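The whole structure should be built from the sequences, with the hints applied where relevant.
From first to last, the protein sequence lines are chains H, S, U, Z, R and D. What the first sequence shows, in my numbering, is residues -11 to 312, in sequence order. What the second sequence shows, in my numbering, is residues -11 to 312, in sequence order. What the third sequence shows, in my numbering, is residues -11 to 312, in sequence order. What the fourth sequence shows, in my numbering, is residues -11 to 312, in sequence order. What the fifth sequence shows, in my numbering, is residues -11 to 312, in sequence order. What the sixth sequence shows, in my numbering, is residues -11 to 312, in sequence order.
If you are wondering where the hints come from, they were derived from the structure by calculation, not from laboratory data. Given the structure is predicted, the values throughout are model-derived calculations rather than measurements.
Copies of the same chain look alike in the list, so a pair counts if it works inside one copy or between any two.
Below, computed lysine to any residue pairings styled on SDA-like, alpha-carbon distance capped at 25 Å:
1. Lys154 / Glu91
2. Lys173 / His65
3. Lys173 / Asn268
4. Lys173 / Gly223
5. Lys(-3) / Arg188
6. Lys259 / Leu184
7. Lys259 / Gly225
8. Lys(-3) / Ser186
9. Lys259 / Gly210
10. Lys173 / Leu194
Protein chains: 6
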Amino acid sequence: MAAKPESYKPVSVHDLPRFAGIPTFMRLPYVAPADADEVNIGLIGVPWDGGTTNRAGARHGPRQIRDLSTMSRNAHHVTGIMPFELCHCADLGDTPVNPVDIEDTLNRIESFYNSVVERGIIPLTAGGDHLITLPVMRALCRDRPVGMVHFDAHTDTMDRYFGESKYTHGTPFRRAIEEGLLDPKRTVQIGIRGALNSDRDKDWGLEQGIRVIEIEEYNDLGVDAVIAEARRVVGDGETYVSFDVDALDPVYAPGTGTPEIGGITTYDAQKMIRGLRGLNLIGGDVVEVSPPFDMSGNTALVAVTMMFEILCLLAELASQRKPA
Amino acid sequence: MAAKPESYKPVSVHDLPRFAGIPTFMRLPYVAPADADEVNIGLIGVPWDGGTTNRAGARHGPRQIRDLSTMSRNAHHVTGIMPFELCHCADLGDTPVNPVDIEDTLNRIESFYNSVVERGIIPLTAGGDHLITLPVMRALCRDRPVGMVHFDAHTDTMDRYFGESKYTHGTPFRRAIEEGLLDPKRTVQIGIRGALNSDRDKDWGLEQGIRVIEIEEYNDLGVDAVIAEARRVVGDGETYVSFDVDALDPVYAPGTGTPEIGGITTYDAQKMIRGLRGLNLIGGDVVEVSPPFDMSGNTALVAVTMMFEILCLLAELASQRKPA
Amino acid sequence: MAAKPESYKPVSVHDLPRFAGIPTFMRLPYVAPADADEVNIGLIGVPWDGGTTNRAGARHGPRQIRDLSTMSRNAHHVTGIMPFELCHCADLGDTPVNPVDIEDTLNRIESFYNSVVERGIIPLTAGGDHLITLPVMRALCRDRPVGMVHFDAHTDTMDRYFGESKYTHGTPFRRAIEEGLLDPKRTVQIGIRGALNSDRDKDWGLEQGIRVIEIEEYNDLGVDAVIAEARRVVGDGETYVSFDVDALDPVYAPGTGTPEIGGITTYDAQKMIRGLRGLNLIGGDVVEVSPPFDMSGNTALVAVTMMFEILCLLAELASQRKPA
Amino acid sequence: MAAKPESYKPVSVHDLPRFAGIPTFMRLPYVAPADADEVNIGLIGVPWDGGTTNRAGARHGPRQIRDLSTMSRNAHHVTGIMPFELCHCADLGDTPVNPVDIEDTLNRIESFYNSVVERGIIPLTAGGDHLITLPVMRALCRDRPVGMVHFDAHTDTMDRYFGESKYTHGTPFRRAIEEGLLDPKRTVQIGIRGALNSDRDKDWGLEQGIRVIEIEEYNDLGVDAVIAEARRVVGDGETYVSFDVDALDPVYAPGTGTPEIGGITTYDAQKMIRGLRGLNLIGGDVVEVSPPFDMSGNTALVAVTMMFEILCLLAELASQRKPA
Amino acid sequence: MAAKPESYKPVSVHDLPRFAGIPTFMRLPYVAPADADEVNIGLIGVPWDGGTTNRAGARHGPRQIRDLSTMSRNAHHVTGIMPFELCHCADLGDTPVNPVDIEDTLNRIESFYNSVVERGIIPLTAGGDHLITLPVMRALCRDRPVGMVHFDAHTDTMDRYFGESKYTHGTPFRRAIEEGLLDPKRTVQIGIRGALNSDRDKDWGLEQGIRVIEIEEYNDLGVDAVIAEARRVVGDGETYVSFDVDALDPVYAPGTGTPEIGGITTYDAQKMIRGLRGLNLIGGDVVEVSPPFDMSGNTALVAVTMMFEILCLLAELASQRKPA
Amino acid sequence: MAAKPESYKPVSVHDLPRFAGIPTFMRLPYVAPADADEVNIGLIGVPWDGGTTNRAGARHGPRQIRDLSTMSRNAHHVTGIMPFELCHCADLGDTPVNPVDIEDTLNRIESFYNSVVERGIIPLTAGGDHLITLPVMRALCRDRPVGMVHFDAHTDTMDRYFGESKYTHGTPFRRAIEEGLLDPKRTVQIGIRGALNSDRDKDWGLEQGIRVIEIEEYNDLGVDAVIAEARRVVGDGETYVSFDVDALDPVYAPGTGTPEIGGITTYDAQKMIRGLRGLNLIGGDVVEVSPPFDMSGNTALVAVTMMFEILCLLAELASQRKPA
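As structure tokens, then:
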């Protein structure tokens, strides 16, 4: 599959029903990164769960998300944005991973994203467990820290596990801050909740200056105020969006490894992503979809709808950045 | 089964537990339409999904709804309405359908409903995909257009599919308006949402005068205001209620063909149906329950609870209309 | 539903597809026992699992069996027997049961079967756990012991449970022998296997003279020899057939309470039932289908196919016994 | 397992991942009641569903709850309470039950709880169907009636079933009031909803003085006012907390026997339990988790999170009551 | 995707794990028919179930088969055949279909296969319901009748349905014989079983000269004799292989629309396909995989393994036919 | 839990039903290795799947096996062996593992088994993926190579993965042979089948002298001859039994990571294990049960039944070895 597609449009439902055809993200053409010079936004899968400390399965996430993504459509019903009209979108395939070697995998993912970043492609990623955001950031933010809007039930800023293990899906943002990829003072975490291993779990992130909006504050503030606060925190600088599906209540996303009850609704999550319109976004991801825990595909449908919300924002930006 | 029942009451749970017995709708007696002269409200299944363009399965809906309907009870806990005390209710069975011929099926369904309408029976239907509402309306509204309160994620007012196909579950209300069965100016659609195939998808319905309450407006207005608006739109004229379970958020109704995240809660849906009390209702349906996508039966339980809500309204009307 | 049907034939698939219609056993008419004077063979559900000591759920068996039985057809492909042409078959509904009172339930079931037996109807029963065979036998064999061909993984001849409990699904045939309903010397048990609570579990049945064909002997003999041996044991006398689906390997019948691996195939089970052709059969049952442990319905499909095999034998007998 | 543990702490996740190890409640040590003199709070399973009139399965609840409870952590994220630091918690195992004898079982459960109460251990129970609360109360409240905060879709104050049966999961609180274990005037029921068998179903409880907050009033009042009202009703006296998972909307707790749509969210339920902080609580339970109807374990995860919420309250009380 | 691939080899598992990557059949490159001049064997999906009279779902078959096909490997463990070394294999994608128009769909499928046949590509098809074999044959056998080895539980030689409907998944081979595409005297059907709608169902096919090996004869003959008989029937002429997964016992292939218990094992099916080695095969298909009835994918895994068995035979033939 | 149990017997089913109680292996007492001096046979879980290259999940195996093992009984129905009467059996818990570090985990497992081996306890292990057999052997066979009867679909003698990775579930026996733990000339592999990555995959093992009985030879020989051959290969020397559930046909064990169709039946597997009676066995394992791919527990039930078969052999040996 070594050539550029004739168009960067989804296969039409009038040519092929939604259940038909090889499932690429949103029925877009597959383009290998090496052929992607014309691509503005690349949808990428990272099929990896080697950082998962309890229930694995997110390695199967990208495939199920692609499957359900064939239910996607073209025009946003609120903003009217039509991303596939605004810029070139393509499925860049899955990154390579090594299921039995974490550090090798982190390198393979980073290397793949380097080739994406070098071409000026904005990445929109489907995970994989949350550890994958670290190598994405190593490529995307290698020369300066960026801000982040982070939806999650967990802060993912733990330090070590089993004494020595630095890389798990509970540690990516500690590492990203340590490595200068993420600016904690421009980071907002929304939806944090659930019992803790210790009452000191929250301390490190807060000390770094992360703005943590726990679910109780989230519900007390209301969605509009949360959007405003998130915009205030990240400001005008470059910002990454990371959406862990366990930010949602498990009824919306049962197919995940570490569900926490009492979470966000999909309606409000959609509204919050829309609320990021106009920010200086450089990429995003939706992670922690674990198909073995939801074979119905409903979690993946939620995930791909969130990807579509993010895509609309990125496409608008991409179209504004394009040379005349 | 050629005779009238001794009573039109559900089998008592003190005689037979809920899991026992041949499952009819709400444990009512089965009465063939030809024997149904005494029946006021007929519960009818239309086991058909030939209009489904993506995930079929609604053909199995009526059976699963009957199964779960054995968990129904007799008295509405808010209004106090006891429908089986107010009028004669019966399960009229399933309409005939032809799984491999759409137009033949539309005729068979219409013919069945003609025999229902001729007897003055108010129909309460369990689908089936949404195309089935068209032949129901052809029988029920044949001589004048009626109003409609329509709960759905989709407007179902598309025109054609694959160039030539006029009859799909995305087109029934376009056809009904064209055929003079449905008055668009007395039609309100509640819960519409989700990405569109094109940013012009909304135009036709709005041009006809349909009042479309998208989910964003729905949430901004609040349920009480939506009820008021729905009542204003349909007014005092004859009105049909059509409830597509995909109006609900997929967590409440995963067993459906075209789920859209970010939908209505069952609590609010119940409240809205109750809010239609006193309108001039002529029938209703609950459609798009697709058991292969929810073998647990939870979607069917939701569907039958909505049917019970509608039934209470219809029974009250039937009792008021009965000659002294 | 107080009258006799116009015919005792299944609804034709050319009138109504298999997924349509209220599910009676094999799409036969429902006839209450009080109206069943013309019925030769009654298909009866006993929705009961109060005798289950581990995993309950067989109370839901008759309903799921009825559902899957709509896939039944009319002519046996090997023997050519067409049961619905030979005699009047009908669905007699479910017996009453009391989910919270075992002895009350045993009485209710027996009473129902008394009304069946009094009309000369041959009963073919869908359970329910295996305890239900006891009250069936109390009605059917009340005045003399009969023989039995018994397919099962377990002998079901235990004595007591928790010290005092006489009635469980592990004890029916101990009770039946004690009560003079079952002749142990004309009883053959096929498919017995699995670890035992004690190495003396087998003793009582063997002492009574039951012919036990454990699975190892069964496999060594081969199906033809097992059939011959079963026919030898029961001889020409009146004989009951009891088919516990756990006789089958759990891959064929996962929806059951006490699966034992290493069991019989459905093909061989069908062959063995056919091998009983011409015996003096007075009724039969298929028991221990537990839908919560197989929501797919595959176990119920197996069960109803076994019921059809037994029905063909019973129908041939009924037609031979009918007065000219 | 006849000795006291070295500590009453959960196994650390740094020693053994959450998926590893024999699953006790919250990874606590198992201690038989006879060895539990040092225990302050006992987590107990009652694996019983003999009072269930429709869909059984709650007998499997405690095991699945233990399984999912290994996802529990140590510190409450809102109150900061660390129950395992405040007092000695242990898994006391399951009570004996007799699956085929209701009254024998009620006696066995009561006897088990007598040994718990005699040691001054506060019981936190995982059911089992709701009938199990009756024998718990017979031990815990034997000498005076207590108050109760009761979350449920049903009042569970029915009288009889099938004419004669006094003990079902619909009757425990009628019996408890009759037996002087429960003070109806200090009882509040929250979340009641769903159609009724008769419009007189509500009368008895109201006549006794129970404060029933139906779901409509609940939603109109809002959670904060409901908390205040519940606190007002129970006052300063001894109070029991009983949480039937069907109080929740079925999307949060599909694994239950009698789901009613339109219920409470988990977020609000957590908030309400937290709102009971400081009341004079003497024990609690979470009941009606039925694993066969939710093999995913999501319902059990909800249940154990509610147990953790209650545990935090009980632990704080236990630490305050401990002698210096 | 408008160009030829660099190689016609599956993606190596050392480059990308089996769970990674966009799922094409057997991880082969996707090549549109228009670009497929170099392709020898084309793997094609026909996502269609419009001919299904009971349980639909086979429209989703090709996608699930592609998903599970990523577990395929390269070398046959018995014959040593390495198909991807012998010739050029590719995934040609799915044919277009129209979910709401049978005849339009039959034309679209035939047209797609015409373009395949014109390029001399041997088709290996994943269905879809069995009706799809008719349009495949219309393209592949348009100028002369061919022989067929047909594995199935059903003969699929019915005439009409609901009076007028000629095209269902029960009629393809009646139509194919009538249209001169299939030579009944060179057709063998293996695994036929199950009750019949009428005792005359078998007559038409036998009258045409089809060799029907019902499951009873199949088991009596043994697999080796069945292979010999199949080879005798089809002889040296051109022969098509059609494998309906319901030929298998439902335990191996529960995900199908019309399961019949008592079927073939996968081991024997594999052996029989291998037994066709050296016949003059012109194509093959595996049909009736219905994912909604087996979301586990196990049925699809069986299907793709059968496809691999057929592929090995076709590849050997293709390599022998290739010009030097 | 720091003390020795009063008895080494399973909890009686007359004291506690099978669904009740904290699930230990076969309802045996839990004894930590440090307290296990009196134990003869230790049942041990290794919850680990870090060596899995495709579908993970076996980390959850031990817990599900424990759950289903509560259906075990005490006496073997063919041999009459009562293992719990012959020697002291106990559940020794799960080994520690580190989900994000393979080599650390191999060390932790080995260390746990060292403490078992030092006490002279015979280990019977529930996996975990097949890589876990390597650290078990490092402890158990550290000073000399042993023989092995190995049931599997795969040889598990691959060399490397992704170039550098030595430790995966496809390599344990290559490593074990290289490390002098396993004598290839006294190793027999039964059930091997399925397509290969290359036609040279088989070479290395055969060159070492492993006796590989592929499924085709297995079926041609018959079970009795296979048993004889296995006994011939391993002879009188010390021998380990390793049972990968994917040796079985996937219908018996769908809950596994790498299913291969066309496998062994459970009946024959039981017979083969029984056929090892009297060999000089030093331990055994059952591996590759992956609960996320079979939430029903049926695969785990198969696994624990195989464990019981092995246990009976080990218990007989242990009783013979015990000092008088």
